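Residue numbers (numbering that gives the first Met the number 0), protein chains in the order written: chain A, 0 to 246; chain B, 0 to 149; chain C, 0 to 48.
Quick caveat, the hints were computed from the structure, so don't treat them as lab data.
Every value quoted in this text rests on a predicted model; they were computed, and no experiment measured them.
Note that CB positions come from ideal geometry on N, CA and C, so glycine has one too.
Heads up, a few of these hints could be off.
[What the hints assert, rightly or not] Label pairs and their calculated CB-CB ranges:
(1) G62/B - V23/C: 42 to 48 Å
(2) A144/A - Q139/B: 54 to 60 Å
(3) Y203/A - V12/B: 18 to 24 Å
(4) S200/A - I43/B: 54 to 60 Å
(5) V34/A - S19/B: 38 to 44 Å
(6) H174/A - V29/C: 30 to 36 Å
(7) T154/A - L80/B: 52 to 58 Å
(8) L190/A - L14/B: 32 to 38 Å
(9) E131/B - V34/A: 47 to 53 Å
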Amino acid sequence: MMWKFLHRLSSLKYFYEWSGKWIPWLTGLTIVLMVAGFYWGLFIAPADYQQGETYRIIFVHVPAAWMSMFVYVIMAIAGFTALIWRTKVSEIVVSECAVIGAMFTALALITGMLWGKPTWGTYWQWDARLTSELILLFLYLGVVAIHSAIEDSRTASRLSGILAVIGVINIPIIHFSVTWWNSLHQPNMQLVSASPSVHPSMLYPLLVMAAAFQAYFIVLLIIRMRNQILYRERRTNWVKQLLVEVN
Amino acid sequence: MRAKRKQRLIFVVVLLVGFSVAVALSLYAMRQNIMLFHTPSQVISGEVPENRLFRVGGIVVSGSVIKAEDGLTTEFGLTDLNHSITVRHTGLLPDLFREGQGIVAQGSLNEGGIFVAQEVLAKHDENYMPPEVAASLNKQGTFRPNQPQG
Amino acid sequence: MQEITYLEGRALFVWGAYGITVVVLVLSIVFTSLRKNKILKEIKQALEQ
Numbered sequence: 000m001m002w003k004f005l006h007r008l009s010s011l012k013y014f015y016e017w018s019g020k021w022i023p024w025l026t027g028l029t030i031v032l033m034v035a036g037f038y039w040g041l042f043i044a045p046a047d048y049q050q051g052e053t054y055r056i057i058f059v060h061v062p063a064a065w066m067s068m069f070v071y072v073i074m075a076i077a078g079f080t081a082l083i084w085r086t087k088v089s090e091i092v093v094s095e096c097a098v099i100g101a102m103f104t105a106l107a108l109i110t111g112m113l114w115g116k117p118t119w120g121t122y123w124q125w126d127a128r129l130t131s132e133l134i135l136l137f138l139y140l141g142v143v144a145i146h147s148a149i150e151d152s153r154t155a156s157r158l159s160g161i162l163a164v165i166g167v168i169n170i171p172i173i174h175f176s177v178t179w180w181n182s183l184h185q186p187n188m189q190l191v192s193a194s195p196s197v198h199p200s201m202l203y204p205l206l207v208m209a210a211a212f213q214a215y216f217i218v219l220l221i222i223r224m225r226n227q228i229l230y231r232e233r234r235t236n237w238v239k240q241l242l243v244e245v246n
Numbered sequence: 000m001r002a003k004r005k006q007r008l009i010f011v012v013v014l015l016v017g018f019s020v021a022v023a024l025s026l027y028a029m030r031q032n033i034m035l036f037h038t039p040s041q042v043i044s045g046e047v048p049e050n051r052l053f054r055v056g057g058i059v060v061s062g063s064v065i066k067a068e069d070g071l072t073t074e075f076g077l078t079d080l081n082h083s084i085t086v087r088h089t090g091l092l093p094d095l096f097r098e099g100q101g102i103v104a105q106g107s108l109n110e111g112g113i114f115v116a117q118e119v120l121a122k123h124d125e126n127y128m129p130p131e132v133a134a135s136l137n138k139q140g141t142f143r144p145n146q147p148q149g
Numbered sequence: 000m001q002e003i004t005y006l007e008g009r010a011l012f013v014w015g016a017y018g019i020t021v022v023v024l025v026l027s028i029v030f031t032s033l034r035k036n037k038i039l040k041e042i043k044q045a046l047e048q
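Construct the entire structure; sequences and hints are all you get.
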């Protein structure tokens, strides 16, 4: 059952039709979660005992940083399936995830710098966490560059798939960078523990924001993939048929 | 087709494992350089670079902060809970600088064994809570801020 | 309300971080959605030739 569904999903035409139905619902969900998260984080959550108001930046910084790593894992899995099974859908997931992941990584870096200046006293330090996150941005940009430099999309997918897969080694490095080496960046938040390191009044808005970013990612990925599918399949009958139906 | 797929699978897995091993080995070899700062214990045992700037990190010893008469120079003890050193800094300190707070200072040792810092950065921990909660935890004595790092 | 525009003098950093995030997220969705029309137009032109 699952396999049959996945197999059908790997057809570009079927994916295009199936994903279209989800866009309005997911967009609505994203907007609701985003508005709730932003309002909660900026206006309802209390100030921090040490950082005061500046800590509010974590409500955008932490979800962006989580997404920057999550999107990479998705991209690496898609790259792996693209390399082994040569499925077109996974090739498209790789190229579109690279753009979205680069955006999340850049956001994590920029918001982190804006947090670092008032808290640490510096925008940037060559600390293990900051450096490995910057490398993540370059990995994403590498995949984007391969796709824009190589005309033939299948060749580009093979090369970028390899980069996506081997680059996944950077993900545990980012996560454990604050444990393995001493760094300026604080240790990872302890969310699943008997005494969480984030107070519930701050944890809930953070989780809402994380859910909002997750929903946003799915919406943006679907829209980007549909664009890419239309372009790649522009010479097929079903796309021509689609154009006739639209007009 | 099946055999070809298996071949590709082996190729990708070998590539990933080989690359991971290479990265792990180089990170291990470079571990001293990746460490952002040295600890006061390392400073005392002489495991720090001479004649060049380095960073030292630790916790500001409670009750050790002395403001000089010029109003700009601050001297304080820095500890990793095993050993402590004296740090002198002239200039502005970050907002989070306070006694019991983790900091990272960049500078070098002078002849007297005092660490002359050119830059002091405040380190933060992973605990986030409203002031009232911190206050009540303090009262109960269950609050343990700023565990030493490294 | 006055409190939130001041934020202990850190308003620039906090609002800057939120502002950049909102702008990037919104523009990203908007441009991607607009691109679909462009692609459809291109395909149509190619078909008509």
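Could you check the hint for me, namely that A144/A and Q139/B are 54 to 60 Å apart, CB to CB?
Since the Cβ atoms of A144/A and Q139/B sit about 55 Å apart, the hinted range of 54 to 60 Å holds.
Consistency of beta-carbon spacing, L80/B to T154/A, with hint 52 to 58 Å
57 Å, holds
With 30 to 36 Å as the target window, see if H174/A and V29/C comply at their CB atoms.
Cβ of H174/A to Cβ of V29/C: about 33 Å, so the range 30 to 36 Å holds.
Return holds or violated for the Cβ distance of E131/B and V34/A against the range 47 to 53 Å.
28 Å, violated
Tell me if the beta carbons of L190/A and L14/B are separated by a distance inside 32 to 38 Å.
34 Å, holds
Within 54 to 60 Å or not, the Cβ separation of S200/A and I43/B?
Given about 42 Å between the Cβ atoms, the range is violated.
With respect to the beta-carbon atoms only, verify the hint that Y203/A and V12/B lie 18 to 24 Å apart.
41 Å, violated
Using the beta carbons of V34/A and S19/B, state whether their distance is inside 38 to 44 Å or not.
Between V34/A and S19/B, where Cβ atoms are some 42 Å apart, the hint holds.
Determine whether the Cβ-Cβ distance between G62/B and V23/C falls within the hinted range of 42 to 48 Å.
46 Å, holds
The earlier numbered hints that this structure contradicts are 3, 4, 9.
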